[in-house]
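Visitor: Each chain is listed here by its residues.
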Amino acid sequence: EAGVAQSPRYKIIEKRQSVAFWCNPISGHATLYWYQQILGQGPKLLIQFQNNGVVDDSQLPKDRFSAERLKGVDSTLKIQPAKLEDSAVYLCASSPGGAAYNEQFFGPGTRLTVL
Amino acid sequence: AQSVTQPDIHITVSEGASLELRCNYSYGATPYLFWYVQSPGQGLQLLLKYFSGDTLVQGIKGFEAEFKRSQSSFNLRKPSVHWSDAAEYFCAVGPTGGGNKLTFGTGTQLKVEL
Numbered sequence: 001e002a003g004v005a006q007s008p009r010y011k012i013i014e015k016r017q018s019v020a021f022w023c024n025p026i027s028g029h030a031t032l033y034w035y036q037q038i039l040g041q042g043p044k045l046l047i048q049f050q051n052n053g054v055v056d057d058s059q060l061p062k063d064r065f066s067a068e069r070l071k072g073v074d075s076t077l078k079i080q081p082a083k084l085e086d087s088a089v090y091l092c093a094s095s096p097g098g099a100a101y102n103e104q105f106f107g108p109g110t111r112l113t114v115l
Numbered sequence: 116a117q118s119v120t121q122p123d124i125h126i127t128v129s130e131g132a133s134l135e136l137r138c139n140y141s142y143g144a145t146p147y148l149f150w151y152v153q154s155p156g157q158g159l160q161l162l163l164k165y166f167s168g169d170t171l172v173q174g175i176k177g178f179e180a181e182f183k184r185s186q187s188s189f190n191l192r193k194p195s196v197h198w199s200d201a202a203e204y205f206c207a208v209g210p211t212g213g214g215n216k217l218t219f220g221t222g223t224q225l226k227v228e229l
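Those protein sequences? They're chains A and B, same order as listed.
Throughout the first sequence, residue numbering follows the numbering used here, covering 1 to 115 in sequence.
Throughout the second sequence, residue numbering follows the numbering used here, covering 116 to 229 in sequence.
Rather than coming from a laboratory, the hints here were simulated on the basis of the structure.
Mixed in with the good hints there might be a few duds.
[What the hints assert, rightly or not] Examples of chain B residues lying across from chain A (beta carbon under 7 Å, computed): (1) TYR147; (2) GLN157; (3) GLY158; (4) LEU161; (5) LEU163; (6) PHE205; (7) GLY209; (8) ASN215; (9) PHE219; (10) THR221.
[As the list claims (entries may be wrong)] Short derived list, chain A residues pointing at chain B, Cβ under 7 Å: (11) GLY42; (12) PRO43; (13) LEU45; (14) ASP86; (15) GLY98; (16) GLY107; (17) GLY109.
Since this is a predicted model, take the numbers as computed values, not measurements.
Cβ coordinates follow ideal geometry from the N, Cα and C atoms, glycine included.
Given these sequences and hints, build the entire structure.
Guide: Okay, structure coming up:
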């Protein structure tokens with residue numbers, strides 16, 4: 001079974017530029033998550049989708065971050081404009097559903113460096 | 116609000132030695148508890164989880180964890196560490212009231228000396 005795919009794996013941009021990350025979840029998984037992992041910290045949930053609807057985006061900085069999940073499969077996370085403090089690893093995860101017993105499967109992440 | 120504390124940022128053990136990684140949580144009720152491992156350049160992998168029942172939980176790769184309600188702890192253990200266990204370990208807590216939003220600790224970096 002293929003795992004969660006993410007691209008690109010690495011990205012370096014200047015501050016105030018825009019950037020987009022892509023995630024392809026495990027086939028059939030209804031729930032998709034985007035996490036931000038700053039160096040030295042644990043992952044922090046940015047947004048959770050159930051199919052193509054948003055379940056939780058309470059920690060998403062909506063003035064600069066946006067995410068979509070078209071057709072309830074792939075997802076993109078965009079930052080515009082980027083700030084220095086956005087330097088982090090962005091992890092995508094998916095699970096069969098949103099219940100507590102559903103294990104979340106994580107992708108390898110995209111490491112973003114903002115200069 | 117729920118929170119997780121991992122007091123040890125770095126731990127170094129010799130190969131073959133036993134391991135215990137500490138995790139303390141703050142939650143209004145008995146939470147769902149998880150341990151994940153993250154190897155360099157890879158995503159997180161679930162080692163084990165506790166929902167209810169037996170407080171000693173067995174996981175993959177020979178790991179186990181014990182839930183102690185009186186101490187609000189969920190420490191991860193392994194009797195004999197292998198060099199391949201070198202990685203970062205995260206404890207996480209999830210809500211029991213519905214949903215699976217996870218709150219992670221800051222992680223413990225494990226180094227294994229040969």
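Visitor: None of the hints should be skipped; say for each whether it holds.
Guide: Results for each hint:
The interface hint given for TYR147 of chain B holds, since its Cβ lies 5 Å from the closest Cβ of chain A, which is under the 7 Å cut-off. Against a cut-off of 7 Å between C-beta atoms, the interface hint on GLN157 of chain B holds, since the closest Cβ of chain A lies about 6 Å away. Checking GLY158 of chain B against chain A by beta carbon gives a least distance of about 3 Å; that is within 7 Å, so the hint holds. Restraint check, LEU161 of chain B versus chain A: the minimum CB separation of about 5 Å is within 7 Å; hint holds.
Annotation: interface hint on LEU163 of chain B violated; nearest CB of chain A at approximately 11 Å, more than 7 Å. Interface hint at PHE205 of chain B: satisfied, since its Cβ lies 5 Å from the closest Cβ of chain A, which is below the 7 Å cut-off. For GLY209 of chain B, the shortest C-beta to C-beta distance to chain A is roughly 5 Å, which falls under 7 Å, so the interface hint holds. At a threshold of 7 Å, the smallest CB-CB gap from ASN215 of chain B to chain A is about 5 Å, leaving the interface hint in force.
Annotation: interface hint on PHE219 of chain B holds; nearest CB of chain A at approximately 3 Å, less than 7 Å. Contact between THR221 of chain B and chain A, as hinted, is supported at the beta carbon level, the nearest pair being about 5 Å apart and thus within 7 Å. The interface hint given for GLY42 of chain A holds, since its Cβ lies 3 Å from the closest Cβ of chain B, which is under the 7 Å cut-off. Below 7 Å, beta-carbon pairs count as interface contacts, and PRO43 of chain A has one with chain B at about 5 Å; its hint therefore holds.
About 6 Å separates the beta-carbon of LEU45 of chain A from the nearest beta-carbon of chain B, less than 7 Å, and the hint is met. For ASP86 of chain A, the suggested interface contact is broken, since its CB lies about 19 Å from the closest CB of chain B, more than 7 Å. At a threshold of 7 Å, the smallest CB-CB gap from GLY98 of chain A to chain B is about 6 Å, leaving the interface hint in force. Evaluation of the GLY107 of chain A hint against chain B yields a held restraint, the C-beta minimum of about 5 Å falling below 7 Å.
Below 7 Å, beta-carbon pairs count as interface contacts, and GLY109 of chain A has one with chain B at about 6 Å; its hint therefore holds.
The structure does not agree with the numbered hints 5, 14 stated previously, though it agrees with the rest.
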